[in-house]
Structure formats: structure tokens, C-alpha cells
Amino acid sequence: MSENRAMQYAEVLSTLIKVETISSRENKDITKFLGFHKVLRETFPNFFNTVECEEFDGSLLLKWKGTDPSLKPIMLMNHHDVVEASGEWTHPAFSGAIADGKVWGRGTLDTKGGLAMMLQAAEELIKEGFTPKRDTYFVTACTEETGGETAETMSRALQERNMEFYMVLDEGGMILYDPIGGADGTFAMVGVGEKGYVDLKFIAKSNGGHASAPGKNTPLVRLGKFMAEAEKAECFDVYMSDTVKEMLSRFAPTMSGIMKTACGNVNTFKPVLKKVMPAISPAGAAMLRTTLAFTMSKGSEGANVIPQEAWVVGNMRFSHHQGKKASVDAITALAKKYDIETEIIDDGIESDITDFKGDAFKFIEKAVSNVFPEYKAVPYIMNAATDSRYFCKLCDSCLRFVPFKIDKQQLDSVHGIDENVDVATLAPAVDFYKYVIREA
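For my numbering, count along the sequence shown from 1 and bump the result up by 518.
Be a bit skeptical, because a hint or two may be false.
Here are the simulated PhoX-like cross-link-like pairs (lysine-lysine), alpha carbons at most 25 Å apart as the crow flies [unchecked claim]: (1) K855 <-> K842; (2) K546 <-> K556; (3) K855 <-> K843; (4) K550 <-> K581; (5) K788 <-> K875; (6) K734 <-> K723; (7) K854 <-> K816; (8) K855 <-> K763; (9) K843 <-> K743; (10) K763 <-> K723; (11) K778 <-> K842; (12) K854 <-> K723; (13) K719 <-> K854; (14) K842 <-> K792; (15) K880 <-> K651; (16) K750 <-> K793; (17) K763 <-> K894; (18) K763 <-> K778; (19) K875 <-> K778; (20) K793 <-> K778; (21) K842 <-> K651; (22) K880 <-> K923; (23) K723 <-> K816; (24) K719 <-> K734; (25) K842 <-> K763; (26) K734 <-> K816; (27) K880 <-> K911; (28) K763 <-> K875; (29) K894 <-> K926; (30) K556 <-> K645; (31) K923 <-> K763; (32) K750 <-> K719; (33) K581 <-> K556.
Here are the computed distance ranges between Cβ atoms for each label pair [claimed, not checked]: (34) G726 <-> K788: 47 to 53 Å; (35) G605 <-> A729: 34 to 40 Å; (36) D847 <-> S613: 47 to 53 Å; (37) K926 <-> E572: 36 to 42 Å; (38) S588 <-> E752: 31 to 37 Å; (39) A746 <-> E606: 31 to 37 Å; (40) P771 <-> R559: 43 to 49 Å.
Note that these hints are calculated values from the structure, not bench results.
Even for Gly, the Cβ is constructed at its ideal location relative to N, Cα and C.
Put together the whole structure using the sequences plus the hints.
Shown next as C-alpha cells:
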């Protein structure tokens, strides 16, 4: 019976994967997203016959009315747009192939998989005659991969209605082995916040000239020196938050040697951990400070021309403790040292941190222990961005977790090649969402 159930869910997800929903900043046509909505309605008929549905430029806001209007509602989120799928895949990216115990295709993990299991949970509860006590909202957006424009629109609409939510649960961490390096165990990683996001352009200018007689410190040389120094990240403050300390303390029992001792006594070994974490885990180190990754560049149009202007773009993920302004000010000061101008090209958005000691995190922790008793829930700060950041003004408890157990290949396949999810993890995911809806 359990195998039949798993295959049923695999077929449901396969159906959604077969609908190509790549989003683009340049192409605003929402026809394919409206087509995807039609597939959702056909796949989850009881759900769509029950909820109130609002469409926002290809994104959906769905309300399942509860029995007690005095209770704050909850919101469950997973987006349906995906990134492009170039390269050679074992199975075509939009085939939805079910093979080798997996469902293959773009979006299986990010995040049509979570969306499918979330809606499947509601579909089954409705068929059983269940009605939630709290109003339960479902959000699935088509612009998450391109900046979250429609999530912001939905958030503003709900703010105008003076809505407040008990909890928001979006995509984020999953269940994986050794999340940071050195932890000999499998953990349910629950994001309690995410770093802010800013895109910066660094511009170096000169009089240009012929490459046969170069002067000193031409634009590209200055940019190179600046990037080399910026990569050391010494202008960004290193700080170990309570969330990171709690994360490490929960990892500690599965560690060995000095790391077991240090993570089990974080306050005592905090100075040591600040120094060694960058060598152990880039992801762990990124939780301690603002990061800046250089992603785009341009010089002259000719191989023998010194550019009058050259630039690079840096993607900044700023820490909560240093914040956006201080982080931008710090890198601007460093750029000025090399006579480089700084321009903000995407101002991004800041999000809050949910208290891991609060009711909402404890509730998700209880849901994890109920459905996955062998795994411990661990709070952490996400380095990536999600649509949930737009809903922080509506809720003090925005959490980020999809209940899929994945391995390293699957983790690396997100935005990469051969994205896939195990068929065996789908039924527990449905059970998790059922628990959340039923017990919230």
C-alpha cells in the first residue's frame, strides 16, 4: 500500500514537472503559468473546489476557510516557477521521468515537489471531510526565481487587509546528512531567517587608450586589486548569532574531536570557531558575516583597447548583525581606495529572524519529530533568498523548510543538472504537511 501511495505521488509530481514554467525578467508573458494553474486544478479538484482563489499576474493566493476566525491564520508556500535547464541531463529536464526510484526534472526540489505534496495533503484532508480551525492560506508564485515581484504584490494586498499570520512556512532547508561538514548525522534544517540581498555595480574609469602603451592602474587592474582584497572579506564583521550557536550545539553530539568539544561549548570556544568555520564549511562561514560574490563584468569592446570604463557586478548577501547600510558602506569605502565608484542596482529587501525558542519553531520541530522521529530539527540562517521575506511584515514567525530527505547530489542539482527527488520521500512529506494543517 505504501509503495502504491509513493508511486501515486510520483505521478502527481511528474505531471507538474512536464509543464515548463521557466521564469524570466525579460519575458512578462504569463500564459504558461496560467496553463500550469489549469493543471493544478485538474490534479487537485477537491482542493480548488474548496478554497477561495485569487490570481496575481500568474501567481496564486488560495484561502481555505477555517472554523475559528479568532485564530490567526497560517500560510504555506512553494513557488511554481523554475530556472532554466541547460546542459545534458540523464533524463530530459521537463520529462518528469520516474526512474531508478526518483522523479527527475527541473523543479522536483525547487519547488514543485514541495508544492505538489503540500496541495496533495490538503486534497486528502478535504476528501476525509476535515476542515481546519485556522484559516489556511496557500501561496504559489511564478516570480520567485526572478526577484519575487508577485510575492511582494500579494504581501501588500494582505497588508492592506490588515492581515496577521501565526506562521508562514516556505521553501528552505531540507533533511540532509552532515549539513556543514563534520556532523556525522542527518538533520532537518529549518531556516529561521535569510540574509538580505543587494546587487552592486563597481565602476572604474580612465581616459582609455591604446593597449600598446598602457599606464599604471588601468580600470581592469584596479578592479582586479579591489576584487582580490574584497574576497578576503575583512571589511565585513564576523559575529556568531544565537541561531548559529544553537545550530552548532545541536550538531555537537554527532561530531568528534575538537569540533565536538568546541560546538558543545560554543560560548567558550567562540573565538576559535569564528576562525576555523571558514575552512570547514563555506556555507557555515557565510552565516557569520556578509558575503560578496562577483558575478558579471565588462571592459572594452576591443582586445587592443584600454577601456575608458570597466565594471563588475557583485551580489551581496548581508548579515543581520551588520545590516544592509553598514555592509554597503564598508565595501564602498574599500572600492574608493582603488578609485572605484559603487552603484546599487538592486536594493533588495531585509527580512527578520524567527526566534527558535518561539511557538512556531517549536511547532515545526514537533511536526518533524512526529513524522521523522529519527531526525532532529535544527535552526539555521539561509544564505539564499525566498519569497517568504516579503511576508515578514505580516508575521513574526516565517520559517523555511521542505520535508524532503535528500543527498549531496540532489542538493547540488538545485539550479544545476539532473535535479531529482526520491520517490520514497514523497509520502512522508505529505504526512508532514497534513500534520501542520491539522494541528496548527
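Between the alpha carbons of K581 and K556, is the straight-line distance 25 Å or under?
OK: K581 and K556 at ~18 Å, within 25 Å.
Do the alpha carbons of K875 and K778 lie within 25 Å of each other, as the hint requires?
holds (23 Å)
Supplied distance hint 34 to 40 Å, evaluated on CB atoms of G605 and A729
holds (35 Å)
Taking 25 Å as the top limit, are the C-alpha atoms of K719 and K734 close enough?
It holds: about 23 Å lies between the C-alpha atoms, which stays within 25 Å.
Does K651 sit within 25 Å of K842, going by the straight-line distance between their CA atoms?
violated (39 Å)
Decide if the proposed pair is consistent with the structure: K855 and K842, CA atoms, cutoff 25 Å inclusive.
holds (20 Å)
Pair hint outcome, K923 versus K763 [Cα-Cα no greater than 25 Å]:
holds (24 Å)
Distance restraint between K778 and K842, which requires alpha-carbon spacing of 25 Å or less:
Status violated; Cα separation ~34 Å.
Is K734 close enough to K816, meaning Cα to Cα at most 25 Å?
With a Cα-Cα distance of about 19 Å, the restraint between K734 and K816 holds, given a limit of 25 Å.
Are the Cα atoms of K880 and K923 separated by 25 Å or less?
Status holds; Cα separation ~20 Å.
Given the hinted pair K788 and K875, is their Cα-Cα distance within 25 Å?
The given pair, whose Cα atoms are some 21 Å apart, holds under the 25 Å limit.
Can you tell me whether the CB distance of S588 to E752 sits inside 31 to 37 Å?
violated (52 Å)
Checked against the numbered hints above, the structure violates hints 8, 10, 11, 21 and 38; every other hint is satisfied.
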